[in-house]
Structure formats: structure tokens, C-alpha cells
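Protein chains: 2
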Amino acid sequence: VNLRIPGPTTVPVEVAQAGATEMINHRGPEFAALIARTTEGVKKVYQTQNDVLTLTASGSGAMESAVVNFTAPGDHSLVVSIGNFGDRFANLVKIYGGVLTKQEYEGGQAADLNKIEDALKADPQIRTVFITHNETSTGVTNPVLPELAALVHAHDALVVVDAISSLSSIEVDTDGWGLDVVLSGSQKGWMVAPGLAFASVNERAWARAEETASKQPRFYFDLKRHKDSLANGQTPWTPAVSLFFQLDKALEMMFAEGLEGIYARHRRIGNMVRDGVRGMGLELLADEGVESDTVTAFWLPDGINGSQVSKIAREKYGTVFAGGQGNLTGKIMRFGHLGAMTDEDIQAGLDALKSAFADAGFKG
Amino acid sequence: VNLRIPGPTTVPVEVAQAGATEMINHRGPEFAALIARTTEGVKKVYQTQNDVLTLTASGSGAMESAVVNFTAPGDHSLVVSIGNFGDRFANLVKIYGGVLTKQEYEGGQAADLNKIEDALKADPQIRTVFITHNETSTGVTNPVLPELAALVHAHDALVVVDAISSLSSIEVDTDGWGLDVVLSGSQKGWMVAPGLAFASVNERAWARAEETASKQPRFYFDLKRHKDSLANGQTPWTPAVSLFFQLDKALEMMFAEGLEGIYARHRRIGNMVRDGVRGMGLELLADEGVESDTVTAFWLPDGINGSQVSKIAREKYGTVFAGGQGNLTGKIMRFGHLGAMTDEDIQAGLDALKSAFADAGFKG
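Same order as they appear, the protein sequences are chains F and X. The first sequence begins at 725 in the numbering used here and counts up one residue at a time. The second sequence begins at 725 in the numbering used here and counts up one residue at a time.
Just so you know, these hints were derived from the structure itself, not from any lab. Honestly, I wouldn't trust all of these hints.
[Claimed, not checked] DSS-like, lysine-lysine: derived pairs with alpha carbons at most 25 Å apart:
| hint | chain 1 | residue 1 | chain 2 | residue 2 |
| --- | --- | --- | --- | --- |
| 1 | X | K818 | F | K951 |
| 2 | X | K951 | X | K768 |
| 3 | X | K818 | F | K939 |
| 4 | X | K939 | F | K818 |
[Said to hold, decoys possible] Residues from chain X shown here face chain F by an in silico Cβ test under 10 Å; the list is partial:
| hint | residue |
| --- | --- |
| 5 | N749 |
| 6 | V916 |
| 7 | Y944 |
| 8 | T962 |
Source: prediction; values computed, not measured. All C-beta atoms, glycine included, are put in the ideal place defined by N, C-alpha and C.
Produce the complete structure using the sequences and hints provided.
Below, the structure is given as C-alpha cells:
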């Protein structure tokens, strides 16, 4: 089966096999060496000198960790939502007692720096800004990150970035852009099975975590505990050791290809998918210029049932696409093109998509 | 390297290899079939008809889930602690705003049903009782579980059991004993790499979860969300798919051996370890009659440095033992004997232990 969904992505055979390495003691010297090595590698991909903590959880766990470590009940937060995963931040902020300003965009639109500034001016009490770098549900990459931190810091707030489906496929210059907290997850461009999530934390964010410590309960996702344990080559709770083995191998493969090469490949295959989908007569969800290089969302034409197309693609052509999420369910389909993927894989995916659409009655 | 620690345990080659199975869509029919099968298998081992939810987290995450789903701030809880993992429940109850009665026992002692009843009578407001079935830090199995639920229910409270290091190695009759919530973790007797945790929940506990929903914030560990997703063959957040593959294979191996056979084997190798350790002139921590069949803790004799013994065992004899935790650090050592372990493995472990002690200057 060919996975053309925006995660979990195909795990290369070498990476999958690395996960079968003989189990080790998570409190011994072998694990200490392993987590030191993977942390160093992940920091390199993040382009950061900040602490990077590895959680045994999926990306949603990392999102929860950001909310429970960097906000306290009653704190004002701005969530910039361009889709389903932005909505998840908004949901988390409300659940954990925050006072929420939610700035919403139409599906396919990117965030606007001026509107973010307006929101910050409208509520000077906003202390944290949550934003999605690459919105998996709409296939949009927010272009505002390089300028965002300076703006947010001028209002004395923190910026927390969900880079789960971009980091390792699309460049994120954590330190160059001054991002306080950046999240990612193993099952995306990292080419690792799901179950590990990452959070980078800078000094400004640690100061906030110290301030919220007595106000916001946290335990499993307490990032300070992870930082303290990491100093001893450990994690506070038993880590998903086999996924660390996979990550170690995947990082080795990534550095062999080179980060610039990986980003260039994702730009190229992103273009291939967009050209291919448009060539079929389908319309992209994303506005021009902000299309994601890891996932492409397109509208279902009138009279075409997306579930049927997906079923045909899976059963007849061995290729798995994703449907819409939230209010886009039944209206769009999504083609994931991140991680271990070649031009040939993309061409095969486009061929399968075209055939499945034709079988479902689409005249193009 | 031979792991003789109480988890992560040795992952059999067939199980490790199953984890390298080609990645699948976690929202597709293959995963739905997989989680249906593993859930059925885990329920069989639990001996329960209750819901069993599988979390992508380590056992500590399952412990947090019990506290945030079944207690609200201000609720009175009794934690029966016979060691480090009982203390973890107490810590969690305090962090999440509970009013805590902590009943502590000396290291090596088991809980006493009469004392638990005294504590329930002393505070009629106690609504939840937390207890460790098998205390990994001291090598003690609490014998009170079969009678406990009736006692706790008579006081209109819930009982939550940490069976992380017992379930699948030592019998836990969840429904027969009337246990409301029971927790376990993949990296113990289940023979799977770390990263999955289980929680069984009965009707009584679900009613409590509904009651606390508006009072206790929760998201990643919200068990109701897991229950709702499971009805659709999914998990609310991306699951650790490769560990589900491993679990599927491990359950197949467990049922091939038979649960009675597994329990008998653990009783036999537990006896072997105890006889072997005592035969070396070492003294067990556990009181007679409550020794654990999954982990044996023993006192370090005067003048013997446990870290040195462990280092020699690891480097010279390729065998990894565990040290003490919490206030037992430096005072005891621990020999794990759970999961994929034969009589020959145990004998080899005892030989390595004896040699390492001799090398460290122990005269016996």
C-alpha cells in the first residue's frame, strides 16, 4: 500500500528495521548515548540551540504540553487558526482555562501579519500566540513566521508554533526567526513511526514555565521534568525506545541527503502534485503562493463522492489518500507528499488519483 | 545484552520484527481491524468485559489518565503506597488538586486490608482509592486485591489499580475482583517495546468521569475521547502504529502459551530467583508470602557498592540489573523476571549476578 496521506508517512525499510534493534535499559549508558545523539540531530533540523525535549506521545500531546507549560488559567492567549489543527490549539487553550481570542481564516487562506498585530493591539493582555506553521487540513503553509516573533515579542508575548507537518520537510529556522516554542512529530517528514513528539523551548519560554508551575497542573507533559532528566541522559517516564532507534537511523539518512536537498525535493514534489492535480481539472484549496509542500488539498467536483474515490484508490490502485477534516469533511481530498518520497512515488500517486477519479465518474 | 530489569523487557525477535511491518493509515480499515483485535486480546488478558483503552504513552501516562478522569479538584482520595509507584499516585493526586490521605508502608511490606478500611472510615469523604498491584520498586505483590473492591464499594468509592508490572505475568481477574479501573503498560509482561499503555474502565468509573468532566481539564488523556474513537476503530490522536503491530504479535504468542502457562512460568522463575538470591546469602526486601513473581529486590550487604556490581554485571557479564529507586537508591538491587524469559535465562542471570558480586568483593 502506498500512503499518500499527510502522516503517518512511509517508514523506509532501514528505519523500520532499526526499530527492531535489541531492547536496552532506558536508564543505562546505551540509552543516554542514543538520546544525546537523536537530540543533537533533531536540534540540527530545528536550527536551534534551544532545549529540545522528546515526548513519548503523538503531536497532539506536544500541543497539550505547550498549553499546560506556557499558559496558566486566566492567561490571555491568541490562537491564529487557518484550519483544523489551529482549532485544536483553541480547544486546548479553553480546556486549560485560558481567555481565548481566536482569529479564524477561511479554509485555504494563510494568516495575515497585520491582522495578528491588530489582535495583539486589541487585547494588550495577550501573553501567548499559538499558530500552525503548516496546516495539514487545508494544505497551506503560513508565510508569516520569519516576521512573527519580533511582532509578538514587541507585545511581550510568547510565540508557540505547531510545525508538526512542516519541520524536517520545509525549512523552519527556529533561532533565526526567534521562535520561542516549536513542536513537531515523528510520523511526518522525520520518516519514523508515530509515537514521538518534539518541543523546543527557549529561555523566554522556560521563564514562563517557571511562572505557571504553581498555577497549571502538569505531570506527564511537564517539560521541565523532561529537561532535568535529559541532563542525565534519560526521560522522566519510560520512553518509546524502539522509536528512538528508528529516529536515530532516520536522522542519519536525512543528513546523508542534506537538509537543503530535502527541502528542495519537497518543493519539487509539491510542484509536481499541484501541477498534476490542476492538470486533472481539479481546484486547489490553498490560495496561490501559500500552498504547502507537504500536503495538497483540493475540492471535490460536483457529483464526485470523495469516500468512493478513496475506496477505489485504496482497493484497486493500492494508494491511500486522506479525506477532509472538520467542516471540510466530504468536500475535499488531500494528497500527502512528505517524508520518504521520490518523484516516481509522486507520479504513481497522481496516476492512481486520476484513475480513481475516472472510475468514480469524473469526466475532467 | 540480557535485560534483567523490571521493564522494558526483552522483546522477542518475532515481536520486534512485527513492528517493522509496512506503515498503514491510522484512519483506515486496516488499523480498525488491528485495534479491534488487540483490544479483544488485551481484554482477555485483563479478564474483563469493561472498555479497555490503549494510549500512546508510557505507564505514567496511564496513571495520569486515571487521576484526571476519575478525580476532580477537591475530591478526597486514598493512596495506598507500598513504594515508589504508590508515591507517584500520591504525587499525581496532589498535583491535580485532590485532598490526599496517603497510607504508607515500609519497603517490603504489603498493604493491609484492615488498615485500608480504617482509612476509609476515618474519612468518609474518600471517593477514590489508588493502589499498586505489584510494586516494582520493592518487589512486592499486594495480596489484597480480590477483597478490596467490595470493601471500597461499600464506602461508595472507586478503586484504581496500577497493574503495570503484574498484568500479563501475574493473574489479575479484573471483573471477578470487581476492579473499576486497571492500568498496564506494553513494556512489561506484554513483551512489547515501551510506548503503549492500557486502562480498563467499568460503568461505575465512566459515571465518575462524566461527573468530573466539567471540573478537571483533560485532553490527550481524556478516556471518553478514546472510547468514542474506538467505536470507530480509531484513536483520538495518531497512535503508535508500529507498537500496535508488535502487540498484535505478542498477544498471539501469549495465547499460544496460554495464560495459565504464563502465570505458572512466572511463579516458577520467581521461585528460582528467590532461591538463587537467598542461596547467595542475600536478603530479600519483600516480606515472606508477598514476594513478587515479576521482580525481586534484595538488600546490598555491608561494604558492597550496588553501582559497581551493576557495572561489572553489565560490562563483564552482559547482564543488566536495576538499582534502587527513591529512598532505596544505593541500598538495594533489583532483578526483573517478567515477560519473555525462560528458566535458562534466569539461571544465566543468577550466574551473572553471583559472579559480579564476587568480583565486587562479596564473600557470601
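> Can you list which hints this structure breaks, lowest number first?
Replying inline: Nothing - there is no hint that the structure violates, so all of them hold.
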